[in-house]
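Position chains B, C and D against the provided structure of chain A, taking the given hints into account.
Protein chains: 4
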Amino acid sequence: MSFGDLKISEKLVPKNYMSLGVAAQRSKQRAFKELLEERKWPEHGWPDEHIEELVHQVAGLDSNNFGHNVGMGEREARIACKLVARRHYNFGHGIGRSGDLLEAQPKAAGSTLLANLTNSLLQQLIQMLGIRSCRCCFLVPVATGMTLTLCFQSLRKSRPLAKYVLWSRIDQKSCFKAITAAGLQPIIIAGTLLPEEKALITNVAAFEQQLAQLDPAQILCLYTTTSCFAPRNSDDIVAIAKLAANAGVPHVINNAYGLQCSKLTHQLEQAQRVGRVDYFVQSTDKNLMVPVGGAIVASFDEQSLQQVASTYAGRASSSQTLDVFMTLLSLGRDGYLRLVSERKQNFLYLRERLQEFAATHGERVPDTKMNGISLALTLETLSAIGITSLGAMLHTRGVSGVRVVPMGVNKSIDGYEFANFGAHHEDYKQPYLTVAAALGVTRPEIDKFFTVLDRCWTEYKKMKATSLDLSSTK
Amino acid sequence: MSFGDLKISEKLVPKNYMSLGVAAQRSKQRAFKELLEERKWPEHGWPDEHIEELVHQVAGLDSNNFGHNVGMGEREARIACKLVARRHYNFGHGIGRSGDLLEAQPKAAGSTLLANLTNSLLQQLIQMLGIRSCRCCFLVPVATGMTLTLCFQSLRKSRPLAKYVLWSRIDQKSCFKAITAAGLQPIIIAGTLLPEEKALITNVAAFEQQLAQLDPAQILCLYTTTSCFAPRNSDDIVAIAKLAANAGVPHVINNAYGLQCSKLTHQLEQAQRVGRVDYFVQSTDKNLMVPVGGAIVASFDEQSLQQVASTYAGRASSSQTLDVFMTLLSLGRDGYLRLVSERKQNFLYLRERLQEFAATHGERVPDTKMNGISLALTLETLSAIGITSLGAMLHTRGVSGVRVVPMGVNKSIDGYEFANFGAHHEDYKQPYLTVAAALGVTRPEIDKFFTVLDRCWTEYKKMKATSLDLSSTK
Amino acid sequence: MSFGDLKISEKLVPKNYMSLGVAAQRSKQRAFKELLEERKWPEHGWPDEHIEELVHQVAGLDSNNFGHNVGMGEREARIACKLVARRHYNFGHGIGRSGDLLEAQPKAAGSTLLANLTNSLLQQLIQMLGIRSCRCCFLVPVATGMTLTLCFQSLRKSRPLAKYVLWSRIDQKSCFKAITAAGLQPIIIAGTLLPEEKALITNVAAFEQQLAQLDPAQILCLYTTTSCFAPRNSDDIVAIAKLAANAGVPHVINNAYGLQCSKLTHQLEQAQRVGRVDYFVQSTDKNLMVPVGGAIVASFDEQSLQQVASTYAGRASSSQTLDVFMTLLSLGRDGYLRLVSERKQNFLYLRERLQEFAATHGERVPDTKMNGISLALTLETLSAIGITSLGAMLHTRGVSGVRVVPMGVNKSIDGYEFANFGAHHEDYKQPYLTVAAALGVTRPEIDKFFTVLDRCWTEYKKMKATSLDLSSTK
Amino acid sequence: MSFGDLKISEKLVPKNYMSLGVAAQRSKQRAFKELLEERKWPEHGWPDEHIEELVHQVAGLDSNNFGHNVGMGEREARIACKLVARRHYNFGHGIGRSGDLLEAQPKAAGSTLLANLTNSLLQQLIQMLGIRSCRCCFLVPVATGMTLTLCFQSLRKSRPLAKYVLWSRIDQKSCFKAITAAGLQPIIIAGTLLPEEKALITNVAAFEQQLAQLDPAQILCLYTTTSCFAPRNSDDIVAIAKLAANAGVPHVINNAYGLQCSKLTHQLEQAQRVGRVDYFVQSTDKNLMVPVGGAIVASFDEQSLQQVASTYAGRASSSQTLDVFMTLLSLGRDGYLRLVSERKQNFLYLRERLQEFAATHGERVPDTKMNGISLALTLETLSAIGITSLGAMLHTRGVSGVRVVPMGVNKSIDGYEFANFGAHHEDYKQPYLTVAAALGVTRPEIDKFFTVLDRCWTEYKKMKATSLDLSSTK
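Sequence order for the protein chains is A, B, C and D.
Numbering (the UniProt record's numbering) for the first sequence: 1 to 474.
Numbering (the UniProt record's numbering) for the second sequence: 1 to 474.
Numbering (the UniProt record's numbering) for the third sequence: 1 to 474.
Numbering (the UniProt record's numbering) for the fourth sequence: 1 to 474.
With the rest of the complex left out, here is chain A:
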C-alpha cells in the first residue's frame, strides 16, 4: 500500500502533514524495490521495522496465508500453535520440492522468493569477502558436517566407482563423520609437524603419494579444511587444488568458519585460480551469527552446485534461510565489513596479550601463520595430569570455548583409530589450550579472559602443589 496513491480525507489528516510521511514511505519502498528487482544486498543495515514488514509481505505470497485458501492436500502449511506461526512470520511451506532443494513451489511463491533471494545475497557476501570467482552458492538447512556429506553423496552420482576420500586429518568429529555418514572410506593423511613453530601444516607430499598409488576413479575427492583450532594451520588448499587439477579428482573444502577471515578467503580464490575446487562449505552460525543449523555450499561452477541441490531428498526448513535473510538486511554490507574488521583487530589484540602471558609464564604461543582465528598456548609448566580440569575451572568462572588439550588420548570413531586425538597429530607432545577470536568477540571479553586465566593458572598450580604434598607425605 502506498499512502501517496490514496485519497485520504483532510478530516483524517491535513495533506501537508502527510507529505513528509509519504516521502519517508517512498524511500522505504525504493529500498524494497531495489532489493527485490535488482537482488542487491543493501549497503547499510535496515531498521528492524522495515525488515519485518518485508518478511511479512513476502510470507503473504504463500497460499497458507491467503484469506480464503481451501487446502485439500496432505500438506497445507497449517500451523497449530499461534506462537509458532508468529515466530516464523507465518512461513510454513519450507523450501525446495521433493526433487530439488532449489526448485520453486507452486503453493509458496513467498518461500521460493525468500530462498532464492537469500542465496543471491549470500553470493554477494562471498564475493565481497574476496572469493570473486564464486559463481553460485546456496544455503542448506543442515549444519556443515551434513552439508559436506551431501556434497560427497552428490559427487558419487557422477563417480560411481569412487569409495575413498583423501582427508587431511583434523580432530573434529563431524569433519570425519561427514565421510563415513556418506558410506565412504576415509584415507587419513596426517599433517606435518613443524618442531620450531610447534605447528601443523598439510602434508602435501603424502597426498601426492596417495594419488599416485590409487586408481583415480576410486577416489571420490580430496578433502581439506581451512579454519581449525591452532596449532593446526589451515590446509595448504592452493597446493592441494593443484594436485586435484592434475589428477582430475574433485576437491572439497571445509571452510567452516573461514568466511570471516580474509587470509582464508584469499587462499580460496587463489586455489580456484591455479587448481581445482569443486565445493567449499561454510557454517552460517559461525560466519553470520545466527543460531546453529545451516551451511552455505558454494562453487565456482553452477552446474556442479545444481547437482548438490538435486541430491537433497525432499523439502527442507526455511527457518535458517529466514535467519540469514534478516541478518543480512539488518547488518548491510558495511555492517558486516565492520564486524570482520573488528574481529581482525581483536585477533591481533588477543595474540599480543597471549604472547605476553606466555612470556610471563614460560610458555609459548605456537607460530601458526596460516591460522587467523584460533591461537594456542602451550601448557608445559603446568602438571600434565588432570590438565583438563583447568578448562573446567575456566568454564565455571564464565569463560566458555577454551579447549584444554591433553596428550595421549586415543579414540576410535566409526572403526578408525586416532592416536593422540584432539591434537590432530600423534606426535604432538605437549598439552596446550586454544582460544579463538571469532566474529562478535569483544575486547572487554578478551580482557576478562586474561583476568580469569591468570586466577585459574595460579589456582591450578596451588592445587597441584597441594596434591603433590599430600601424595609425598603418604
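The hints are simulated quantities; they were obtained by calculation from the structure and are not laboratory data.
As the structure is a computational prediction, the values presented were derived from the model and not from experiment.
C-beta: ideal position from N, C-alpha, C; glycine also.
Do not take every clue at face value.
[Claimed, not checked] Here's a subset of chain B near chain A, in silico, CB distances under 7 Å, partners left out:
#1 GLU74
#2 GLU76
#3 VAL84
#4 HIS93
#5 ARG156
#6 PRO160
#7 GLN185
#8 HIS266
#9 ALA316
#10 SER319
#11 THR327
Positioned in the frame of chain A, the structure of chains B, C and D alone reads:
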C-alpha cells in the same frame, strides 16, 4: 522466582490481595515442575504465556544467555540480529554435538534439556496414538526424505555389504531419492492393481520372490510406505514385516503423515508384534502442524535408534524442536486427540460428498480401504487431453492441494525409469484427481471445495466442447 | 509496496506462481484502501497480520520513524527502551496538541490519522448499536470519571455562573467525584424505592422540584446514569432529558458500560429525540474489552463536542486509541454484534438461574426491568452480621466481581454524607449481592459461579450456626 | 520456578551441565528479589529478557490472568484482541480505584504492585538527580498540562475561596489552559526583558505586588515554569518560593522537561529549602523517553501528594506506568546518568556551534544562563515577512522541532488576550528561532542540523531577494 517466598512490603501491595496471585503462580509452577521432573505431556493445553515463560527460562540455561559470559571459542552462539534472537527465544547453540545428535552440550544445558524433553513428549504422542510398543524416538531437524536417507546410512554401518533397498513403488520423488541419496540401489517392486476397486495394494509375493533370489547380506532393508495418495493403499506393512523377520532383513517404514490416522498406527503396532520393523519415520509438519523441516524417527529398540543419532554428522538446528515443543504444550493431549478425531469426521464427510459427486457425474471413487486420508476421483468422463489444466483451474480459484494425475507420463529419476509416473503403476489407465482430509482441514473448506469443483468441472467441459467444435470445423 | 508493480526476476520466482500471491495482496490492499479512504469499519474482522501491518505503516508516517530525522525540539518522541517502542509500534507522539485533543500534529501525521480514524469508527459503532442520531464522538485517554469531569469543565466555560450539578444518586465513588474534581457542588437526588419490586428508579419529581427552586444559570447540568448495579435501575433518561430541554439546562449521561446493552442505547436515542442530551460518556474497557484507561465522549452536536476537546490541556496518550483501533479491526462489525448478542443470551441465562437459586433458598431477585446487565439477589435468610465475608469466600474460590452489599454503612466523600452507602438509597433495608453478565462472560463461567455460590452459601450458614451456638453457650 | 529446586533427570540433561545455568538463573532471581523486596532501582540496566520475564510474572498476579477465574462483575479485564493483550503483557485492570489513584485493587495485585514500585523507583530518580528532599511522587497517566490541572483541583479542596492563579507568562498553550481547565482565573505576570542579553527573566516584583493587592485566600497558588523555550529563562523559582512561603500561598512548579537538567533540579531543591513548593510536575515522555501521555507529580510532603491522588476520579491506565517501569529497568541508574551527561555535552556543543553560526551571519544567541536546554538564534538579518517559511523549509528537509517565532502575532485563548504570542513578551521585537538539546539528541544530528540550516538560510535569502526583485519590477 516465587512470589510466595519473597517479603514484599505492604507498601507495594496488601498481603491479602497478593494471596490469590501467589496461589495462581503456584499452580503454574506445579505444571512446570510436573513437566520437567516427570517429563509428562500435559493433559490440557497451556496458555501462550506459560509456554513462553518456560521456553525463556530454559533458554536462560544456555551459556550465551548468561549475563557475563566470556566466549573464547569459535562458536559462542552470538546472534547478530535482535529479531533473529527474539524469534528463537535466544536459543543459539542448536542440538547435538559433532559426534551424535542426542549428545548433551556442555555450553547449552537448556538446548539439551529442550531436545530431550521434546523427544520424550513425542514418544508419549506416538504411544497415545496406538503404537504402544514404541521404545524411543527422536526429532531430526530434516524432513522425512532426508531422515529416511539417514536411517539407510545408519543401517549400512552394520551391513557393510548391503547395496539394495527393496522398495514398494510410490510415485513421490523424495521417497525414492532417499535411497539414491544414500548411494544405494533401489529394487522397485510395483504394486498389485485391483481392477474392481481400481486401487493399488502391495505386491507381497514379489517381495518374497526378491528375497529368495538375492543374497540377504546385500539387502540393506525392505522399505514400505503407509500414508500415500489414493488410489494407492497403505502398504501391507504387517505382511512385509513378517517377511523381514523371516529373512533377517531390516524393515524401514515411511509413515510420512500416518500418525494422524489410527488405521495406520494400529497397523504399525501390529507389524511390530508379528514381524520386524526397524525404523518408522514421520513428518512433523504433516502430523503436528508446524512449519516444514522436521521428522520423527522412531523405533521399537533403543539401541537401533541410537545408531541413527550417531550417524548424523554434527550439530543441528533446534528450531524444529522448539516448534514441536511449543505445539505439544499448546495443544495438550486432549487438544491433539480432538484434532485427530475431527480429522476422521472430516474424512468421512469428504468421502461421502465425493461419492455423491462421482455418482452425479458418472465417475467413481476408487475403493481404497487402507487409505484413511487421501481419496481419488476418476476423471473418465472428461477429455483426457490437457486434463492437468483442471488442477490449475482449481488452484487459481483458491483450492490448493488437489492433484490431477494424467496418464502416460514417463519419468527418469537418478537413472531409473518410471512408466506412467504419478499413478504409482504402469497399468493404471484412467486419469483421476486426489484430495485429502489432513489434520486441520475444516468442514467449510470441504464444502467450498465442492462448490469450486463443480464450477470448474462445468467450465472444463465447456472449454473442451468449444475446442472440439473448433477443431471439427477446421 | 505492491508486488504487482515490481519486475521480479524469474530467477527468484516463476511468474505464474507469483500471480496468486499478488492477487491475495491486492485484496488486502483493497481492504486498507477502503478503511483509509472511506473510513468504513470493516464488516468482518481482520487477521492479526493485516492489523499489525497497517498499524506499522501508519506509525511510519510519524517523524520519529523517518530514517534520517534530525530532532532539534524538546520533544521528539525518541523511545529509550526497545521493548517500549515495540509495544507501541513505534508510536511516540501521542494525540492532540497543546490547544486541543483533536488537533492534528505536524510532526505526527500517523498519530493524527490513527486518532481521527478511530474516532470515526467509534461513531459507526455507536450508531450501529442504536444511537443513530449520534453526530460525533471521540476517545479520551482517561477513564469515565475523569472524562465526565472534563465535560463539566467544558460546560462551565459557557455557563460561568453555574456551580450546581443535579445528580441522581448512584453509589459509585468515581461518578460522584467527577463532580467535586471539577470544583462543582452536587445536589444529590435520591431515587425512588419501589417496595414491591425491591428496586430503585429515578425520582423525576425531585429533579423537577430542584429545577423549579434554583436559578437555572447556577445549574451546570442534570447528571444521570444508565448502566449501574441492581437493584438500581437505569435512570429515566428520557424523562430527565425532557426536563432538561424545558429548563434549558444541559444534561450529561454517564453511560459507563451501557453501549453493550440495546435497552440502554435505545433509551439514549429516545432521550435525544424528545429532550436534551449534551454529552454521554462510556468506558472503552467495559464496552470494548480493552485495558482500563479510556472513555468515549459522544454528542448529538459537533460544536458541543469540539468544546470538550479544546478544554483538555495538552497532548495525550495514543495508547488507548491504538488498543481500540486494533480491537475494532480485529472484531469487525459482525464480531462485535456477535459479542453483544451472546451477552444478551448470557444475561437471560444468568437471570433464570439466579431466580431458580432464589426460589430454592427463599430469596428474591429484585425486579429491575431497566437494568439489562446487573442482577441482585437478596440475602434475607442469611445472618446479616459479617455478611461481606460471603463475598470474600467467593473471591477466594476464584469468583471475582460479586458485590455483597451490607446495610447501614455511612460514608463521607469530599465532605458529603451518604447514609446506607453502597445501596444507593438510605431506606433500602436488606443486604443483597449483585452479579453481572457483562461483555465476554461465558456460560461455563455462569455455571461455575452457581456451583461455588452454592458451596459458599452452605458454608456461610454453617459458620454462622456454629458461632451462634458458641455465643449462646457463653 | 527455580531449576535448582527441581529434580531434573539426568536423562534430560547432565547435572554438571545444569549447574552453570542454575547459577545464572540464581543471579537473575537475586536481582528480582532485590527489586521487589528492597524496591531499589538497579545500578545497571537489565537485559530485555529479564524485564519481560518480571513483567509477565507480575501480570500473572492479576485475576484476569488466573487460569480459572470466574468473572461475574461488570469489569473483569477481559481483552478481546490478542494483539492488544500481548502488547500490554496481559495487564488489563489499570491502576487506582474509584476513590483514589494510589489505592490498591483487590482483583489486581500485580497492577497494584507495578504502580507502587514504579512510583518508588521514580522517587529514587528524582532524588538521584539532585532533588534530595523529595518525599514522594507518583506517575499520573495524563500529560503535564492535565496533571497541573489536577494539582489545582486538589488545592481548591482546601482553599474553597480561591479563584486566582498567579502565573508567570510562558507562551505554551497547555501551561495556560491547565488553569482555565480547572475553572480558575489566571493573573498573567509578564516577565522582565533584559535588553542586553535579549532574554526574559521572572518579574518577581510583579508577583510581590499582586500578592500585596489580593486577598491571599482568593489566591489558589503561584505558578512558575522551569524548562522553557529560549530566550525565556527558567523562572526564578527560588525567589517565588520565598514569596509563597511568606504569603502562606501554595506554589506549583511546571518542571515539564527539567529533570534532565541539573541546573534546574538544583534550583528546585534550593527553592524548597528556602521557600515553599507544594507540587512540581514533569513529563515522562520528555524526561524518560517514553511515548507521550504521562507526568510525574512530586512533592516534599506526603500528605499533600495524597490529596492529588484522591482528587483523581476513578481508575486509570497502567500503560504509562508499564512504559516507565520497563524503561527504568532497561536503563538502570548508570544508563540514565549517562544519558543526562551526554545531553549536557551536546547542549554545550550546540551552543558553541550556534554561536559560531550567529557570528558568521551577523546574528546573536541570546544570553540565557538559566536555560540549559533550549537556545535561540536571532533572525535580524533575514526578511521578517514570511519568516515562518524558514521553519517549514527546515521541516521539509527532515529537521523537526525548530520553532521560528515571528513578531506581532496576537492570540486569544479562553478569552484572554496575548500580545506578541509565541515570544512570551509583548515587547520582544525581533524574530528568532529556537532549538533544543534534549535527552537523546546526538552529535551527528546537531551537525546535520547546521548543514541543513546553512542551506535553508541561503535559500531563504535568495527567495526573498527574488521576490523583492519581482515586487520592485511590478
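Against the structure, the hints come out as follows:
{"no.": "1", "hint": "GLU74", "in the structure": "holds, 4 Å"}
{"no.": "2", "hint": "GLU76", "in the structure": "holds, 6 Å"}
{"no.": "3", "hint": "VAL84", "in the structure": "holds, 5 Å"}
{"no.": "4", "hint": "HIS93", "in the structure": "holds, 6 Å"}
{"no.": "5", "hint": "ARG156", "in the structure": "holds, 5 Å"}
{"no.": "6", "hint": "PRO160", "in the structure": "violated, 9 Å"}
{"no.": "7", "hint": "GLN185", "in the structure": "violated, 10 Å"}
{"no.": "8", "hint": "HIS266", "in the structure": "violated, 20 Å"}
{"no.": "9", "hint": "ALA316", "in the structure": "holds, 6 Å"}
{"no.": "10", "hint": "SER319", "in the structure": "holds, 4 Å"}
{"no.": "11", "hint": "THR327", "in the structure": "holds, 4 Å"}
Taken one by one, the earlier hints fail for this structure at numbers 6, 7 and 8, listed in ascending order.
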